[in-house]
Amino acid sequence: MTRRLAWCATALVLGVNLSGCSSLGPDDEAAGEAAVAFHEAQRRGDGGSACDLLIETTRTDLEQSTDQPCETAILAESLPSAEQVVDVAAYGRNARVILDGDVVFLSVAEGRWQVSAAGCVFQANAPYDCSLSGS
Amino acid sequence: MTSAKGADAKGKRSDRGFLSSNGLTLFFGGIFLLALVGQALTGLALYNNDAATSGLEQVSLLRYLTSSEFAVDVTENWQSEYLQFLLYILATVWLVQRGSPESKELDKAGLESDEDQMVGKHTRPDSPAWAKAGGLRLSVYAWSLALVMSTIFLLSWLAQSIAGVSAFNAEQLAELQEPMSWGSYVTSADFWNRTLQNWQSEFLAVASMVVLSIYLRQRGSPESKPVGASHNSTGLEG
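Protein chains in written order, with this note's numbering: chain F, 1 to 135; chain S, 1 to 238.
It is worth saying that the hints were derived from the structure and are not from the lab.
Source: prediction; values computed, not measured.
By construction, the Cβ of each residue, glycine as well, lies at the ideal position given by its N, Cα and C atoms.
It is possible that some hints are incorrect.
Covered by chain F, according to a simulated footprint, are these stretches of chain S (three or more residues, beta-carbon under 8 Å) [stated by the list, open to error]:
1) 113–123
2) 143–153
3) 191–199
4) 222–231
Just the calculated beta-carbon pair ranges, DEER-fashion [said to hold, decoys possible]:
5) S:41 <-> F:43: 40 to 48 Å
6) F:81 <-> S:189: 49 to 57 Å
7) S:26 <-> F:64: 54 to 62 Å
8) F:64 <-> S:171: 20 to 28 Å
9) S:232 <-> F:125: 25 to 33 Å
10) S:58 <-> F:125: 20 to 28 Å
11) S:93 <-> F:125: 54 to 62 Å
Pulled from the structure, derived: some chain F residues nowhere near chain S, Cβ distances all over 10 Å [said to hold, decoys possible]:
12) 64
13) 71
14) 81
15) 96
16) 108
17) 110
18) 130
19) 133
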């Protein structure tokens, strides 16, 4: 939303009457759906689908740190249970989705939202502490 | 910073063609567009290099042009340029600099008389309609340059703040950190650092121009005194 405003404000300065400003922002709703889908896949034991929703760097880190294929390692992760979206903040190619039991970070890769970190706990004046994240 | 001279200053139409009559506007308009295109292309390259390093997808030029990263980089420079000229327009009404062609003569500080400004009973047949109108329209027109410059400055600064918080938050999220509200951002170090690093360079350039033009000359430029003019002569343009 803010990115959309940024463009519209810039367009205002440019004196350009742009239509379609609303289509240029990151898709907040899709980010929330991807975060929920990731948790659903992990909860039902579908490691393949959960890994398909992971961004490459996080998938690689998970495999290297556990010495197991992603499909197996992701199911061994003790992520908190979460089913519903509470809040989404999306800027540029990154998003933070607050679910009813977890906080998930996502980035746009391969043309869609992919999970970069999950099992995240807020820390004041520091990055979230995430049980699953890439480097 | 310049004054019309010669035939145009006397209100006469020049016989010169469109291009040569508008060379200054066309030249700066042209190099502005070239520089903006260059900024867009190099900015896209940097953006996609960062994306490749982070394992994120590459973006198209159109996508980059609509990004907060491009918007904040453009508007933070725009606002400072318009502020620079706005302050210069207003400061030179009341402040003078002995020996500088950028300054009015020392005894002319202030808004000047109606006669000097060709308003009231001193309007001329070719004065602009709003200058002849008097009343509110004259008051608005008498400040129209500063009003428009300040409006563009404020809009650019607002756009910088909105695009800036978006770009800042994109980085925050990439580093698994909490995003910031617009209200918090406009009091943040990031916003004021972006703002002040532009302002300081603009103010330095203006101060340099005012002082250097006292002692140095550029033959033929209205921004300079005539080459043979005294260092003490003020408000004299070449």
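These are the hints, each one checked on the structure:
Here's how the segment 113–123 of chain S fares: 0 of its residues keep a CB closer than 8 Å to some CB of chain F, so the rule of at least three is not met and the hint is violated. Residues of the segment 143–153 of chain S lying with their CB closer than 8 Å to a CB of chain F number 1, which falls below the three-residue condition for coverage. Residues of the segment 191–199 of chain S lying with their CB closer than 8 Å to a CB of chain F number 0, which falls below the three-residue condition for coverage. With 0 residues bearing a CB less than 8 Å from a CB of chain F, the segment 222–231 of chain S misses the requirement of three and the coverage assertion fails.
Between residue 41 (chain S) and residue 43 (chain F) the beta carbon distance is about 46 Å. The supplied range of 40 to 48 Å therefore holds. One distance hint, 49 to 57 Å for the beta-carbon pair residue 81 (chain F) and residue 189 (chain S), is violated here, with the actual separation near 38 Å. Checked against the hint of 54 to 62 Å, the pair residue 26 (chain S) and residue 64 (chain F) passes, with Cβ atoms roughly 59 Å apart. As the Cβ distance of residue 64 (chain F) to residue 171 (chain S) is approximately 26 Å, the hint placing it in 20 to 28 Å holds.
The hint said 25 to 33 Å for the Cβ distance between residue 232 (chain S) and residue 125 (chain F), and at roughly 59 Å that hint is violated. The supplied range of 20 to 28 Å is broken by residue 58 (chain S) and residue 125 (chain F), whose beta-carbon atoms lie about 34 Å from each other. Taking the beta carbon of each, residue 93 (chain S) and residue 125 (chain F) are about 47 Å apart, not inside 54 to 62 Å as hinted. The Cβ of residue 64 (chain F) lies farther than 10 Å from every Cβ of chain S, with a closest approach of about 14 Å, so its non-interface assignment holds.
Non-interface status of residue 71 (chain F) relative to chain S is upheld: no Cβ of that chain comes within 10 Å, the nearest being about 20 Å off. For residue 81 (chain F), the condition that its CB be more than 10 Å from all CB atoms of chain S holds, with the nearest at approximately 21 Å. Residue placement check: residue 96 (chain F) does not keep its beta carbon more than 10 Å from all beta carbons of chain S (closest about 5 Å). For residue 108 (chain F), the condition that its CB be more than 10 Å from all CB atoms of chain S is violated, with the nearest at approximately 6 Å.
For residue 110 (chain F), the condition that its CB be more than 10 Å from all CB atoms of chain S is violated, with the nearest at approximately 6 Å. Against chain S, the non-interface label of residue 130 (chain F) is violated: not every CB pair exceeds 10 Å, the least being about 6 Å. Non-interface call for residue 133 (chain F) relative to chain S: violated, since the shortest CB-CB distance, roughly 7 Å, does not exceed 10 Å.
Hints 1, 2, 3, 4, 6, 9, 10, 11, 15, 16, 17, 18, 19, counting from the list given before, are not met by this structure.
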